[in-house]
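S.K.: Residue strings, one per chain:
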Amino acid sequence: MKQLRALALLPLMASPALAEGELKLYHWFEYIPQELVDKFQSETGIAVTIDTFDSNEAMLASLKAGKIGQYDITVPGDYMVEIMAGEGLLDTFEPAELPNFGNIAPQWLDVPFDPGRKSSIPYQWGSTAFAVNRDVYQGDINSLTILFDPPEELKGKINMLDSQGEVLALASIYMGMPQCNTDRDQLKALMDMLLAAKPHWASFGSDTAKDVLVSGDAAAGMIYNGFSAKARAEGANVEYAYPKEGFVVWMDNAVLLRDAPNRENALKFLNFLLDPENAGTLTNYTAYTAGVTGVEPFLTEEIRNSPENNPPADAPNGSFVAVCDEATQKLYDAIWTNLKK
Amino acid sequence: MKGVRHFPGFLAITLVCLIVLYAPLLVVTVYSFNGSTSITQWGGFSWRWYIDVFTGPEAPRFGLAARNSLTIAVLAATAATIIATAASLAMVRGGKFRGRNASFALINLPLMVPEIVTAVAMLIFFTMIGIKTGYGTILIAHIAFCIPFAYLPIAARLQGIEPFYEEAARDLYASRARAFAHVLLPLMAPGVISGWLLAFIISLDDFIITNFVKGAGMETLPTAIFGSVKQGIKPNIMAISTLMLLASASLVTLSWLINRKGQRSP
Amino acid sequence: MAGAGPSGKSGKDAAWAPLALPLMLPTWAVIGFFLLLPVLLMVVYSFLTKEFRGGVIWEFSLAAYDQFFISRGLFGDEPASIEWTYIGIFWRSLWQAAVATGLCLLIGFPTAWFIATRPPASRSIWLFLVTIPYWVNLLIRTVSLKFLIRDNGPLNEFLMGIGLTSGPLPLVNTNLAVQLGLFYSYLPFMVLPIYAAVERYNFALSEAAADLYASRWRTLREITLPVVKPGIIAGCLLVFIPSLGAFLAPDLLGGAKTFMIGSLIDEQFKGSQGNWPFGAAISVILMSLVLLSLLFYARAQRSQK
Numbered sequence: 001m002k003q004l005r006a007l008a009l010l011p012l013m014a015s016p017a018l019a020e021g022e023l024k025l026y027h028w029f030e031y032i033p034q035e036l037v038d039k040f041q042s043e044t045g046i047a048v049t050i051d052t053f054d055s056n057e058a059m060l061a062s063l064k065a066g067k068i069g070q071y072d073i074t075v076p077g078d079y080m081v082e083i084m085a086g087e088g089l090l091d092t093f094e095p096a097e098l099p100n101f102g103n104i105a106p107q108w109l110d111v112p113f114d115p116g117r118k119s120s121i122p123y124q125w126g127s128t129a130f131a132v133n134r135d136v137y138q139g140d141i142n143s144l145t146i147l148f149d150p151p152e153e154l155k156g157k158i159n160m161l162d163s164q165g166e167v168l169a170l171a172s173i174y175m176g177m178p179q180c181n182t183d184r185d186q187l188k189a190l191m192d193m194l195l196a197a198k199p200h201w202a203s204f205g206s207d208t209a210k211d212v213l214v215s216g217d218a219a220a221g222m223i224y225n226g227f228s229a230k231a232r233a234e235g236a237n238v239e240y241a242y243p244k245e246g247f248v249v250w251m252d253n254a255v256l257l258r259d260a261p262n263r264e265n266a267l268k269f270l271n272f273l274l275d276p277e278n279a280g281t282l283t284n285y286t287a288y289t290a291g292v293t294g295v296e297p298f299l300t301e302e303i304r305n306s307p308e309n310n311p312p313a314d315a316p317n318g319s320f321v322a323v324c325d326e327a328t329q330k331l332y333d334a335i336w337t338n339l340k341k
Numbered sequence: 001m002k003g004v005r006h007f008p009g010f011l012a013i014t015l016v017c018l019i020v021l022y023a024p025l026l027v028v029t030v031y032s033f034n035g036s037t038s039i040t041q042w043g044g045f046s047w048r049w050y051i052d053v054f055t056g057p058e059a060p061r062f063g064l065a066a067r068n069s070l071t072i073a074v075l076a077a078t079a080a081t082i083i084a085t086a087a088s089l090a091m092v093r094g095g096k097f098r099g100r101n102a103s104f105a106l107i108n109l110p111l112m113v114p115e116i117v118t119a120v121a122m123l124i125f126f127t128m129i130g131i132k133t134g135y136g137t138i139l140i141a142h143i144a145f146c147i148p149f150a151y152l153p154i155a156a157r158l159q160g161i162e163p164f165y166e167e168a169a170r171d172l173y174a175s176r177a178r179a180f181a182h183v184l185l186p187l188m189a190p191g192v193i194s195g196w197l198l199a200f201i202i203s204l205d206d207f208i209i210t211n212f213v214k215g216a217g218m219e220t221l222p223t224a225i226f227g228s229v230k231q232g233i234k235p236n237i238m239a240i241s242t243l244m245l246l247a248s249a250s251l252v253t254l255s256w257l258i259n260r261k262g263q264r265s266p
Numbered sequence: 001m002a003g004a005g006p007s008g009k010s011g012k013d014a015a016w017a018p019l020a021l022p023l024m025l026p027t028w029a030v031i032g033f034f035l036l037l038p039v040l041l042m043v044v045y046s047f048l049t050k051e052f053r054g055g056v057i058w059e060f061s062l063a064a065y066d067q068f069f070i071s072r073g074l075f076g077d078e079p080a081s082i083e084w085t086y087i088g089i090f091w092r093s094l095w096q097a098a099v100a101t102g103l104c105l106l107i108g109f110p111t112a113w114f115i116a117t118r119p120p121a122s123r124s125i126w127l128f129l130v131t132i133p134y135w136v137n138l139l140i141r142t143v144s145l146k147f148l149i150r151d152n153g154p155l156n157e158f159l160m161g162i163g164l165t166s167g168p169l170p171l172v173n174t175n176l177a178v179q180l181g182l183f184y185s186y187l188p189f190m191v192l193p194i195y196a197a198v199e200r201y202n203f204a205l206s207e208a209a210a211d212l213y214a215s216r217w218r219t220l221r222e223i224t225l226p227v228v229k230p231g232i233i234a235g236c237l238l239v240f241i242p243s244l245g246a247f248l249a250p251d252l253l254g255g256a257k258t259f260m261i262g263s264l265i266d267e268q269f270k271g272s273q274g275n276w277p278f279g280a281a282i283s284v285i286l287m288s289l290v291l292l293s294l295l296f297y298a299r300a301q302r303s304q305k
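Protein chains in written order, with UniProt numbering: chain A, 1 to 341; chain B, 1 to 266; chain C, 1 to 305.
Don't read these hints as lab results, they were simulated from the structure.
These numbers were taken from a predicted model, which means no experiment stands behind them.
Be careful, since some hints might not be right.
SDA-like, lysine to any residue: derived pairs with alpha carbons at most 20 Å apart [stated by the list, open to error]: (1) A:Lys64 with A:Asp259; (2) B:Lys230 with A:Glu30; (3) A:Lys198 with C:Thr174; (4) A:Lys198 with C:Arg92; (5) A:Lys244 with A:Asp140; (6) B:Lys234 with C:Leu155; (7) A:Lys341 with C:Thr85; (8) B:Lys96 with C:Trp28; (9) C:Lys229 with B:Phe10; (10) A:Lys155 with C:Leu169; (11) A:Lys155 with A:Asn142; (12) A:Lys330 with C:Leu48; (13) A:Lys39 with B:Thr55; (14) A:Lys188 with C:Gly76; (15) B:Lys230 with A:Phe29; (16) A:Lys39 with B:Gly56; (17) A:Lys330 with C:Gly55; (18) B:Lys230 with A:Tyr31; (19) A:Lys64 with B:Gly134; (20) B:Lys234 with A:Gly216; (21) B:Lys132 with A:Arg258; (22) A:Lys341 with C:Phe68; (23) A:Lys340 with C:Phe68; (24) A:Lys340 with C:Leu248; (25) A:Lys340 with C:Ile87; (26) A:Lys341 with C:Ile87; (27) A:Lys155 with C:Pro170.
Covered, in the sense of this in silico footprint (three residues per stretch, anywhere, with C-beta under 8 Å from a C-beta of chain B), are these stretches of chain A [said to hold, decoys possible]: (28) 28 to 37; (29) 203 to 212.
Label-pair distances were calculated between CB atoms; the ranges are [stated by the list, open to error]: (30) B:Val74 with C:Ala208: 43 to 53 Å; (31) C:Leu62 with B:Gly130: 26 to 36 Å; (32) A:Glu326 with B:Leu18: 49 to 59 Å; (33) C:Leu169 with B:Ser46: 23 to 33 Å.
C-beta atoms are modelled at their ideal positions from N, C-alpha and C, and glycine is treated no differently.
Just chain A, same shape as in the assembly (with noise of 0.2 Å):
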């Protein structure tokens, strides 16, 4: 039966190998919609192929074992670009490779991520929360107590997206608390906090956020904002929420890779990247916000309107995740391994 579809298939993929070269994309799940991958390789004639990754830690660890030089661009959040290129992962170019570059929107120019973006593009940035579903629970969703210390409603019922970065970074801003901080009693607090939430969770899980609330194993999850509008979109009765005491922000950049095998052909995609109208296509499908000026025509009402993408006039600042040194880092590590031991 495998041989008899693999046969079926050899006439379907002889056609994209066109002599213009390939482009290797290091992606999240989920991220880019097949019709922008589609159009980009009819303009160009290069071949897309795309491998994706759930974190980006894992991200990271797979580059790190190996895998650099064989890739052309990935999407690290912003304080992944900061690693990334404190490891000398990053090539670099110039702002006259890139035709588009100044279609970038001025707030996303001159980022501490990546000063002057040398190395990143915008890609699309969002908030990391969490949605609840209305149908199981009808009471004020404003605060992250929800997550943290749920009500009775939600209990058991909870899923965390199984990324450290966020999960400590979330829990700090619930205790009022800096990122990497080293205060001995705040960070005991902090994890006798998370041991104590923990039981009221059901899962932990990133790729699956979204699916369990659509499927209803969750009534409650950590989730990004676009992720919670898709899940609204299918179906599910879920609404986002801006919590009182902050949340995440965070922007995932496109980067040129060092040792890119397909550098040419990364910086037309980066570029394409950032004309409007394909943006306008990525985040009609991703439900997040771009980074480029000029892509609202493109929009689709429902994405220009959700209420994922336009937080309530009194809601707070969204905070970035921080980027600790390794003693400290190390105290994170260990306050998360006690968490999942």
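Since the structure of chain A is already known, use the hints to place chains B and C on it.
M.R.: Using the frame of chain A, we list chains B and C on its own:
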């Protein structure tokens, strides 16, 4: 004298065992014909997910992964079978040569080391010696862990063949190579074929090791499926799984028929 | 671990003795170079210094083993005591694997026995039925099981439909689900070796015992079991070893809430902690456990003879 063989309840437990083994697969097979996009609601009988497997947006990716899986499995099984055949001649017909015990341990090593450990060790090794991970590293890893699976049926078969067939051929002045090619190998054939099939399926099925040693843009069917099911099981995955069940069942049937035929001859 | 063991009758069948070493060479080359050498290298890595966020520095260090066994508090300045975190993770993995092995034995032994006592013609059909699901990709089987037992999945709907339970049984994301998953993954590994042992068993022994008025159960316990014991032990090992390092079942069925040995190792190489020497050290400790259980198996087999 049936009494000592039959125990009350054993039939019932066997049936429980079969239900446990088949229930999840049957449920998935049934739901693969679900016309609805939702996996929780039944939307009438439909072939749409089977059509989707071949023509849907993920078809090229799965097609490529299936082709990689198949070629790797064929190459790895063939190489492992040749190596295992040679090894079984040495182990079964080689007398008490030096290093025999160590060799036996080495053949079985892939069975004794937990898969995750093998995966990690190979990743470290390939990274350290600077081999670029990709098709080649998957292939070599698969050959290594398929050897014991190919070896088991081949050695078992060889043990069942009395040495005098070959001796008779040698007595008639056939060279060792001729005696092997014309007498011993045909006798070993059922074992060699089941060894190949076993290695083939083991290679086709492997996920953990492949996931660690695969390179950029290289997917096998299991890693491609893992990429999809991690986000939740979808109807097209159920269709693929049903197709795989069919493929595996036909392969096992084939191997079983060959083996049965082999058992009837000497 | 069947096949031509070192104890095979090797004196007579030595026709290929002159070529034995060259014939073994490809095996040594492939497994020796691409498996044994990497495993040895991993042992070396477990004694190296970690590089922050993945990789190693080539300097000798016991830090990985120190981290595993010795606790100095969260901030590393308390007096040294035994670190229970990782021992606890090992203990839980051992326990999960043991429960799964026990479940497999409970269901697998009667099944193997039943099949081995069928007439030869129907025997292979039963065996065939037991082995087919095993050839379906482990990943798909695990996901199928999850689909079946989820809160609003077919099993719970069925149970509520026939009025056996009033609400859904909470199965997914529990330890029980992981144990069920391991049991389901490796059940055929238990059935096959026991089947092979029972099939070879000479039932005349049992009949003799029965003639002496021993009950069926007593005959089973005192006459048959000792003879088929190697098959049982082999089956237990074949279930226990892969369960110990299992990775998919805890992740998919257990909700990834707690580390198991497999996911703890994975975390060191693919997760956020990026500590290669520590991952290598955990692997070395896991491998030592497996070797210990194999030694136990070898001793049990020897005492048999």
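S.K.: Indicate, hint by hint, whether the structure satisfies it.
M.R.: For each hint, the structure was consulted:
Of the pairs offered as hints, the one joining Lys64 of chain A and Asp259 of chain A holds, with about 13 Å between alpha carbons and a cut-off of 20 Å not exceeded. Between Lys230 of chain B and Glu30 of chain A the CA atoms are separated by roughly 11 Å; this keeps the pair inside 20 Å, and the hint holds. Distance hint between Lys198 of chain A and Thr174 of chain C is fulfilled; the C-alpha atoms sit about 13 Å from each other, no more than 20 Å. With a C-alpha separation of about 18 Å, the suggested pairing of Lys198 of chain A with Arg92 of chain C holds against the 20 Å cut-off.
At most 20 Å may separate the alpha-carbon atoms for a hinted pair to count; Lys244 of chain A and Asp140 of chain A meet this at roughly 11 Å. Proposed proximity of Lys234 of chain B and Leu155 of chain C is supported: the alpha carbons are some 18 Å apart, at most 20 Å. Pair hint Lys341 of chain A plus Thr85 of chain C holds up; C-alpha atoms about 6 Å apart against a cutoff of 20 Å. Proximity of Lys96 of chain B to Trp28 of chain C is assessed by CA-CA distance (about 17 Å); at most 20 Å being required, the pair is judged to hold.
A C-alpha spacing of about 19 Å is found between Lys229 of chain C and Phe10 of chain B, which places the hinted pair at or below 20 Å, so the restraint holds. Distance hint between Lys155 of chain A and Leu169 of chain C is fulfilled; the C-alpha atoms sit about 16 Å from each other, no more than 20 Å. Between Lys155 of chain A and Asn142 of chain A the CA atoms are separated by roughly 17 Å; this keeps the pair inside 20 Å, and the hint holds. This hinted pair checks out: Lys330 of chain A and Leu48 of chain C have alpha carbons roughly 18 Å apart, not beyond 20 Å.
As the CA atoms of Lys39 of chain A and Thr55 of chain B are separated by approximately 18 Å, the hinted pair is consistent with the 20 Å bound. Among the hinted pairs, Lys188 of chain A with Gly76 of chain C is consistent with the structure: their alpha-carbon atoms are about 13 Å apart, no more than 20 Å. Proximity of Lys230 of chain B to Phe29 of chain A is assessed by CA-CA distance (about 10 Å); at most 20 Å being required, the pair is judged to hold. A hinted pair counts as satisfied when its Cα atoms are at most 20 Å apart, and Lys39 of chain A with Gly56 of chain B qualifies at roughly 17 Å.
Distance check on the hinted pair: Lys330 of chain A and Gly55 of chain C sit about 16 Å apart at the alpha-carbon level, within 20 Å; holds. With a C-alpha separation of about 14 Å, the suggested pairing of Lys230 of chain B with Tyr31 of chain A holds against the 20 Å cut-off. Restraint check: the Cα-Cα separation between Lys64 of chain A and Gly134 of chain B comes to about 15 Å, which is no more than 20 Å; the hinted pair holds. Taking the CA atoms of Lys234 of chain B and Gly216 of chain A, the gap is near 15 Å; set against the 20 Å cutoff, the hint holds.
Using a Cα cut-off of 20 Å, the hinted pair Lys132 of chain B and Arg258 of chain A holds, with the two alpha carbons roughly 15 Å apart. Only pairs whose Cα atoms come within 20 Å are accepted, and Lys341 of chain A paired with Phe68 of chain C is accepted, the gap being roughly 13 Å. At roughly 15 Å between alpha-carbon atoms, Lys340 of chain A and Phe68 of chain C fall within 20 Å of each other, so this suggested pair holds. The suggested pairing of Lys340 of chain A with Leu248 of chain C holds, with an alpha-carbon distance near 16 Å, which does not exceed 20 Å.
About 13 Å separates the Cα atoms of Lys340 of chain A and Ile87 of chain C, which keeps this hinted pair within 20 Å; it holds. This hinted pair checks out: Lys341 of chain A and Ile87 of chain C have alpha carbons roughly 10 Å apart, not beyond 20 Å. Proximity of Lys155 of chain A to Pro170 of chain C is assessed by CA-CA distance (about 13 Å); at most 20 Å being required, the pair is judged to hold. Here the segment 28 to 37 of chain A counts 3 residues with a CB under 8 Å from a CB of chain B, which clears the bar of 3, and the coverage holds.
For the segment 203 to 212 of chain A, the assignment as covered by chain B holds, since 5 residues bring a beta-carbon within under 8 Å of that chain's beta-carbons and 3 suffice. Checking the proposed 43 to 53 Å range against Val74 of chain B and Ala208 of chain C shows it holds: the Cβ atoms sit about 51 Å from each other. Checking the proposed 26 to 36 Å range against Leu62 of chain C and Gly130 of chain B shows it holds: the Cβ atoms sit about 28 Å from each other. As the Cβ distance of Glu326 of chain A to Leu18 of chain B is approximately 54 Å, the hint placing it in 49 to 59 Å holds.
The hinted range of 23 to 33 Å is satisfied by Leu169 of chain C and Ser46 of chain B, whose Cβ atoms lie roughly 30 Å apart.
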